[in-house]
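Chemist: Could you put together the complete structure from these sequences and hints?
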Amino acid sequence: MDTIKRRPTFKIDKNTLSGVVAIGFTLLMLVLVALDAKDGKRFSQIVAGGLYQGMLIFMVAAGLSIVFGLMDVLNFAQGSLLMIGAYVGFEILSSLSTDTKTNAVLLSIHVVAFTPIATTLLIEIAMIPLYRFVPKLAEAGRPSSHLLAKMTASALIGTPLGLLLGSTVADNLGSSADTMRVIGAVVVTALASVDMVRDPLLFGIKWFINEISTRFQIGLAIIQGRQAPPIETLEYKPSSASDKAVLGAILLSTFMAMLLNTTETTALRFGIAAIAAVFAGTLAGIIMETVFIRPTYVRPFFQIVLTFGIALVIREVIIYRYGIATQGNLTAYLPRGLAGTFPPHFLHGLFPNLETTIFNYWIFMIIMGLLMMVGVQVLLMRTRIGIIIRAGVQDSEMVESLGVNVRLVFTAVFALGAGIAAMGGIISAGFISVDPVMGDLFLLQAIAVVIIGGLGSYAGTSLAAIIVGLTRSSAGYFSRQQFNTDGLAPIAVLVLLCIVLLVKPSGLFGKEH
Amino acid sequence: MTDNRLGRRHPLVQTFYDNWPYVLVLILLWRFPYIVANITHSDVAPDSPRIVSEAKFWQGVMIEVFTLGVLAISYNLMFGFTGLISFGHGVFFGTGVYSVAILVSEYQQSFEKSILIALALGVIIALIWAMAAFRLKGVYFAMFTLAFAQIFYELSRLTLFKFLTGGDDGITWTAPDWINAVRNRLTLYYVALAVFVFAFMLVRRLMNSPSGKVLVALRDNPVRAETLGFNIYLYRTLSIVVSGFLATLAGIMHTVNFRQAEPTTLSLGRTVDPLIGSLIGGIGTNPGPVLGASLLRIGEQFLRKDDLQVDFNFIIYRYTTTIDAEKYWSVGLGIAFILFVLVVPYGLVGSLNKTWIEIRRWLRKYLYNPLIKKYPIVATWAEPFTGEPPEVAKALANIPPELDLKEWALAYPFAAMNSSTAIIAVLMGFVAWSWRVGVSWLLFLLLISAPVRMVALERRFQKRRQG
Numbered sequence: 020m021d022t023i024k025r026r027p028t029f030k031i032d033k034n035t036l037s038g039v040v041a042i043g044f045t046l047l048m049l050v051l052v053a054l055d056a057k058d059g060k061r062f063s064q065i066v067a068g069g070l071y072q073g074m075l076i077f078m079v080a081a082g083l084s085i086v087f088g089l090m091d092v093l094n095f096a097q098g099s100l101l102m103i104g105a106y107v108g109f110e111i112l113s114s115l116s117t118d119t120k121t122n123a124v125l126l127s128i129h130v131v132a133f134t135p136i137a138t139t140l141l142i143e144i145a146m147i148p149l150y151r152f153v154p155k156l157a158e159a160g161r162p163s164s165h166l167l168a169k170m171t172a173s174a175l176i177g178t179p180l181g182l183l184l185g186s187t188v189a190d191n192l193g194s195s196a197d198t199m200r201v202i203g204a205v206v207v208t209a210l211a212s213v214d215m216v217r218d219p220l221l222f223g224i225k226w227f228i229n230e231i232s233t234r235f236q237i238g239l240a241i242i243q244g245r246q247a248p249p250i251e252t253l254e255y256k257p258s259s260a261s262d263k264a265v266l267g268a269i270l271l272s273t274f275m276a277m278l279l280n281t282t283e284t285t286a287l288r289f290g291i292a293a294i295a296a297v298f299a300g301t302l303a304g305i306i307m308e309t310v311f312i313r314p315t316y317v318r319p320f321f322q323i324v325l326t327f328g329i330a331l332v333i334r335e336v337i338i339y340r341y342g343i344a345t346q347g348n349l350t351a352y353l354p355r356g357l358a359g360t361f362p363p364h365f366l367h368g369l370f371p372n373l374e375t376t377i378f379n380y381w382i383f384m385i386i387m388g389l390l391m392m393v394g395v396q397v398l399l400m401r402t403r404i405g406i407i408i409r410a411g412v413q414d415s416e417m418v419e420s421l422g423v424n425v426r427l428v429f430t431a432v433f434a435l436g437a438g439i440a441a442m443g444g445i446i447s448a449g450f451i452s453v454d455p456v457m458g459d460l461f462l463l464q465a466i467a468v469v470i471i472g473g474l475g476s477y478a479g480t481s482l483a484a485i486i487v488g489l490t491r492s493s494a495g496y497f498s499r500q501q502f503n504t505d506g507l508a509p510i511a512v513l514v515l516l517c518i519v520l521l522v523k524p525s526g527l528f529g530k531e532h
Numbered sequence: 032m033t034d035n036r037l038g039r040r041h042p043l044v045q046t047f048y049d050n051w052p053y054v055l056v057l058i059l060l061w062r063f064p065y066i067v068a069n070i071t072h073s074d075v076a077p078d079s080p081r082i083v084s085e086a087k088f089w090q091g092v093m094i095e096v097f098t099l100g101v102l103a104i105s106y107n108l109m110f111g112f113t114g115l116i117s118f119g120h121g122v123f124f125g126t127g128v129y130s131v132a133i134l135v136s137e138y139q140q141s142f143e144k145s146i147l148i149a150l151a152l153g154v155i156i157a158l159i160w161a162m163a164a165f166r167l168k169g170v171y172f173a174m175f176t177l178a179f180a181q182i183f184y185e186l187s188r189l190t191l192f193k194f195l196t197g198g199d200d201g202i203t204w205t206a207p208d209w210i211n212a213v214r215n216r217l218t219l220y221y222v223a224l225a226v227f228v229f230a231f232m233l234v235r236r237l238m239n240s241p242s243g244k245v246l247v248a249l250r251d252n253p254v255r256a257e258t259l260g261f262n263i264y265l266y267r268t269l270s271i272v273v274s275g276f277l278a279t280l281a282g283i284m285h286t287v288n289f290r291q292a293e294p295t296t297l298s299l300g301r302t303v304d305p306l307i308g309s310l311i312g313g314i315g316t317n318p319g320p321v322l323g324a325s326l327l328r329i330g331e332q333f334l335r336k337d338d339l340q341v342d343f344n345f346i347i348y349r350y351t352t353t354i355d356a357e358k359y360w361s362v363g364l365g366i367a368f369i370l371f372v373l374v375v376p377y378g379l380v381g382s383l384n385k386t387w388i389e390i391r392r393w394l395r396k397y398l399y400n401p402l403i404k405k406y407p408i409v410a411t412w413a414e415p416f417t418g419e420p421p422e423v424a425k426a427l428a429n430i431p432p433e434l435d436l437k438e439w440a441l442a443y444p445f446a447a448m449n450s451s452t453a454i455i456a457v458l459m460g461f462v463a464w465s466w467r468v469g470v471s472w473l474l475f476l477l478l479i480s481a482p483v484r485m486v487a488l489e490r491r492f493q494k495r496r497q498g
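From first to last, the protein sequence lines stand for chains A and B.
In my numbering, each residue's number is its place in the first sequence (first place is 1) plus 19.
In my numbering, each residue's number is its place in the second sequence (first place is 1) plus 31.
Worth flagging that the hints you see were computed from the coordinates, not collected in a lab.
The structure displayed is predicted, hence computed values, not measured ones.
Glycine residues also receive a C-beta, built at the ideal position from the N, C-alpha and C atoms.
Among the clues, some could well be false.
As the list claims (entries may be wrong) - With a cut-off of at most 20 angstroms between alpha-carbon atoms, the simulated DMTMM-like pairs for lysine to aspartate or glutamate come out as follows:
#1 B:Lys193 / A:Asp505
#2 B:Lys244 / B:Glu257
#3 B:Lys168 / A:Asp91
#4 B:Lys385 / B:Glu85
Stated by the list, open to error - So these bits of chain A aren't anywhere near chain B, every CB distance computed over 12 angstroms:
#5 Val40
#6 Gln236
#7 Glu335
Modeler: Below, the structure written as structure tokens:
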């Protein structure tokens with residue numbers, strides 16, 4: 020028996036192999052482009068163009084991929100969510116005031132609502148290593164999730180809704196638009212944040228009474244000359260990290276708002292539009308999941324048809340409201356006083372350092388895409404909900420039997436994907452033209468990306484997005500060189516999709532069925 | 032056939048029993064141009080091709096209905112019966128459209144030859160799909176079809192192939208005179224009707240055959256079908272090829288009707304139309320998709336015509352408003368799409384079938400059974416509606432089987448031709464003072480007595496089986 024030795028096996032994992040093939044294909048393509056172009060400028064332009072296209076496609080594909088992995092729903096309406104993002108951004112931007120002062124006020128209201136959540140999240144992230152090494156801190160308590168949710172809601176609803184409400188009211192009543200905008204924003208934000216303010220306030224009062232009474236009891240004991248009672252017997256609740264964080268965040272946001280009122284804020288309009296767009300997209304995603312897709316989990320055939328129908332409705336409604344014509348990008352639709360303020364100044368023009376024709380906005384899109392990519396990856400790999408999602412992808416019934424509300428997770432994941440798509444919408448709206456078919460165009464590319472990457476594999480989707488983007492740009496380059504037409508770029512992607520499907524039906528990193 | 036139910040009627044009679052609604056609809060469609068012409072007081076086929084009379088217009092609409100109907104039948108065969116989701120039916124449709132247009136206009140081929148070539152191309156594409164279906168299933172196959180069709184769509188729009196496809200503008204060609212929609216629309220109407228009936232009967236026959244049952248099994252449980260020993264790839268191929276053939280036929284009908292080829296015929300819209308049609312009518316039923324498709328096209332004609340005047344007088348005093356019907360039509364269509372998936376997933380026909388079964392069960396329990404308990408003879412009267420075999424009905428009604436059927440059947444070659452029939456005929460002839468009137472009445476009475484004579488035939492047939 021001893022003579023039988025195990026031979027070392029040089030087995031290459033199938034997924035690794037396909038990854039290597041994919042990256043090799045991309046590199047080969049780029050080398051071909053470089054050989055043909057013989058021009059660093061041209062080459063870098065093609066690469067950057069491919070990357071930004073890949074990132075935009077990724078923003079649609081991310082939601083598609085996670086949602087399919089978790090609940091086996093191929094959402095044909097994901098492109099429409101992107102379109103919702105773009106059009107909501109357009110709506111918000113065109114309802115902004117032309118007066119800088121008013122916008123500053125509006126922004127400050129928004130900051131008041133939004134900073135708490137940002138600060139809390141920052142603190143949470145900063146505390147992660149601390150929690151790991153100092154377990155006592157973790158026991159002391161972290162920001163409570165419901166508070167976080169409330170704050171998120173108020174921050175996201177606050178200004179954009181108030182803005183729309185205010186301008187609508189002003190239009191109808193004929194009063195000063197700016198006044199009404201501010202009033203609307205204040206009212207809606209206040210309404211949304213009633214709960215948010217109440218909790219810390221109550222806490223503050225309780226904390227004050229506790230502190231005073233404890234000290235008073237101890238002091239009384241000392242004065243009376245008897246031994247002070249041990250602290251455990253007193254009604255004393257040490258303040259948790261969460262509540263301190265919330266109090267600090269509210270103070271900070273007020274301060275930020277005061278600061279913002281005195282500065283020039285054109286760049287941050289984009290922020291308002293983006294947040295509104297993301298909120299609208301998320302809301303649409305939640306509605307879509309709970310109302311439409313939930314009843315059809317048992318009928319997978321009809322699910323595809325249903326989402327297809329939803330996409331149709333959204334497109335038709337947008338055509339009904341805005342017309343079928345191409346709108347151009349959002350810069351053309353700002354009120355007169357705001358012309359040239361979107362995209363923000365620092366995103367105008369060409370990238371300065373390389374002396375190439377790379378737009379600044381491309382760089383911005385690539386950075387945002389990468390942030391999303393990494394952010395979702397961190398969310399999936401490093402957080403609790405990420406663990407649940409990954410477990411759900413493997414076996415959702417088991418997760419459910421372990422006591423996790425999988426339905427809620429489904430909705431959350433759907434909303435997350437929708438939010439990312441809407442973010443992609445508002446970002447792309449700054450550069451490419453906004454029209455009712457843009458959703459379909461992005462959807463096709465995103466489906467190609469998801470399938471090439473392997474359904475349900477997030478890393479595969481990320482890689483495939485970049486590959487597809489680069490394929491698009493280099494095929495576009497070749498078709499312009501050879502045939503003097505732009506049309507071959509989408510065809511190249513579709514051909515790539517067909518080939519991948521026929522060679523490896525489950526995609527590059529997908530599980531074999 | 033050991034089952035008594037199956038052999039209980041003469042095959043001809045049974046065919047009539049099973050298909051009388053279709054026969055009725057077919058007669059209606061056959062007379063349709065003339066009925067419309069009578070209603071609207073317009074020419075069926077105006078002398079000058081430039082005149083578009085009301086009747087001619089509605090013939091055009093019906094040709095479109097037949098085209099969409101054939102496409103919907105083809106789509107339903109793949110999606111509804113076999114369970115293969117296709118998002119690229121436009122590729123077949125567009126193949127039919129483009130190959131006929133290109134062959135006739137660019138290569139000066141004869142019309143018949145180009146139709147044959149187009150159908151062959153459609154079948155070849157279907158075979159490529161079938162080869163993909165060997166490897167891909169479910170969502171993956173749907174994605175493959177989507178990508179495949181989109182490639183052709185993009186190719187047809189390329190300026191690169193403008194010499195062949197005409198790019199975004201498309202091609203205009205002239206159909207031969209005898210089938211030209213401008214000069215000879217009535218002929219085209221009947222040709223389209225014939226093609227439509229052919230497609231309908233083909234799929235109906237296929238789905239009633241053993242192969243059709245295997246296709247349904249593939250949809251419901253492919254693993255089980257495979258385990259039972261059926262070559263599922265062969266049957267999938269069958270379904271895809273027949274479906275592709277019919278969709279190509281629909282494309283040819285389309286291009287003959289409009290005499291042009293444009294990229295939209297290859298687009299995703301050509302999947303959406305039959306899909307909505309099938310959904311509304313009922314996926315996986317024979318008449319459903321046709322019904323849905325015709326509702327869509329005809330409804331569009333009525334609703335898109337002009338703005339809807341909506342009167343809110345019942346809510347607000349003297350408040351009327353105008354709704355732009357064209358804008359609302361598309362939105363309404365999409366909403367109908369969603370509602371049908373969520374609320375009426377089996378479509379009109381499917382839901383009606385299911386409801387009808389429930390109603391029949393209920394009626395049998397609470398109406399029919401108590402009734403025949405009290406009045407047994409009702410069982411024989413209700414026999415055509417209950418679907419009982421005649422012998423069972425007779426047994427329920429306590430009627431002993433007739434013994435002298437043979438004599439009766441032999442004595443009456445014209446079963447309903449009894450004395451009263453003759454008297455009526457003679458009387459009418461006398462009143463009109465014309466033997467021609469008498470003969471025509473006689474013939475008419477013979478005609479309407481046909482079912483009764485068929486019953487007699489059937490009895491004779493049964494007697495022979497027993498003997």
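Chemist: With reference to the structure, classify each hint as holding or not holding.
Modeler: Verification of the supplied hints:
1. A C-alpha spacing of about 14 angstroms is found between B:Lys193 and A:Asp505, which places the hinted pair at or below 20 angstroms, so the restraint holds.
2. The suggested pairing of B:Lys244 with B:Glu257 holds, with an alpha-carbon distance near 13 angstroms, which does not exceed 20 angstroms.
3. Our distance criterion of 20 angstroms between C-alpha atoms is met by B:Lys168 and A:Asp91, whose separation comes to about 14 angstroms.
4. The suggested pairing of B:Lys385 with B:Glu85 is violated, with an alpha-carbon distance near 39 angstroms, which exceeds 20 angstroms.
5. Once the 12 angstroms rule is applied to beta carbons, A:Val40 is consistent with being away from chain B; the minimum gap is 18 angstroms.
6. Against the 12 angstroms criterion, A:Gln236 stays outside the reach of chain B, whose nearest CB is about 63 angstroms from its own CB.
7. A:Glu335, annotated as away from the interface, has a beta carbon of chain B within 12 angstroms; the closest lies near 4 angstroms.
The structure does not agree with the numbered hints 4 and 7 stated previously, though it agrees with the rest.
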